[in-house]
Amino acid sequence: DAGVTQSPTHLIKTRGQQVTLRCSPKSGHDTVSWYQQALGQGPQFIFQYYEEEERQRGNFPDRFSGHQFPNYSSELNVNALLLGDSALYLCASSLLLAKNIQYFGAGTRLSVL
Amino acid sequence: AQSVAQPEDQVNVAEGNPLTVKCTYSVSGNPYLFWYVQYPNRGLQFLLKYITGDNLVKGSYGFEAEFNKSQTSFHLKKPSALVSDSALYFCAVRDSYGNNRLAFGKGNQVVVIP
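If you read the sequences in order, they're chains A and B.
Start counting the first sequence at 1; every next residue gets the next number (the numbering used here).
Start counting the second sequence at 1; every next residue gets the next number (the numbering used here).
In isolation and in its complexed conformation, chain A is listed as follows:
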């Protein structure tokens, strides 16, 4: 049973570019959450998708957007990249209607130059 998988593992972009990160949830999970982990910090909640809709959003600008597909996989898009967007982006999957654990992928390391 595959866990949460994310792609790519590493990405280098320049300021102003756009980036798309991908996540496949753990088998049987219906909810995907995205977190940003800056160097030396704990993960910060970006948003959560369930039934192909954004259900909750953290304190991130509209440059951060996402999508969930019918197979529950998800994408995180960041437009107009800033140097401060450099971070590890973590995807977590879970079952929404359960007091359940969020399982995390290995993350995508984004470097903005």
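Hints should not be assumed to be uniformly reliable.
One-sided and incomplete, this derived list gives chain B residues near chain A with beta-carbon spacing under 10 angstroms [unchecked claim]: (1) Asn41; (2) Tyr61; (3) Phe63; (4) Thr72; (5) Ala103.
Just so you know, these hints were derived from the structure itself, not from any lab.
We treat Cβ as the ideally placed atom computed from N, Cα and C, and that holds for glycine.
Got chain A; can you put chain B on it based on the hints?
Chain B in isolation, oriented as in the chain A frame:
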């Protein structure tokens, strides 16, 4: 809004000695509490959770945590630390109202000295 404080940046412990990593939280209503561990260049691995029931929760790899409602704490413990326990440890909290987002502390680097 929920929040977590992990007051120590780094915890150093000798191999074989007890390990404690401290966590206090703030949340509306009853808390759901979690500990995760992160190894270099890896994602977060789940260790244990407290939802309800016994205040002492046992988890993976010999770790346990004690929930203390009056002190709003959820300290992680291990009776005998191993060198392989050296990693970054995160405490996280969510509320019980259906808000499924996790709020994380800044993490504690644990260094187990051989």
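Going down the list of hints, with the structure as the test:
Satisfaction of the interface hint for Asn41(B) is found here, the shortest Cβ-Cβ separation to chain A being roughly 8 angstroms, below the 10 angstroms cut-off. For Tyr61(B), the suggested interface contact is broken, since its CB lies about 16 angstroms from the closest CB of chain A, more than 10 angstroms. At its closest, the beta carbon of Phe63(B) sits 15 angstroms from a beta carbon of chain A; the interface hint therefore is violated under the 10 angstroms criterion. Using the Cβ-Cβ criterion of 10 angstroms, the hint placing Thr72(B) at the interface with chain A is not satisfied: the shortest such distance is roughly 18 angstroms.
Interface restraint check for Ala103(B): the shortest CB-CB distance to chain A comes to about 7 angstroms, inside 10 angstroms, so the restraint holds.
Checked against the numbered hints given earlier, this structure breaks hints 2, 3 and 4; the rest are met.
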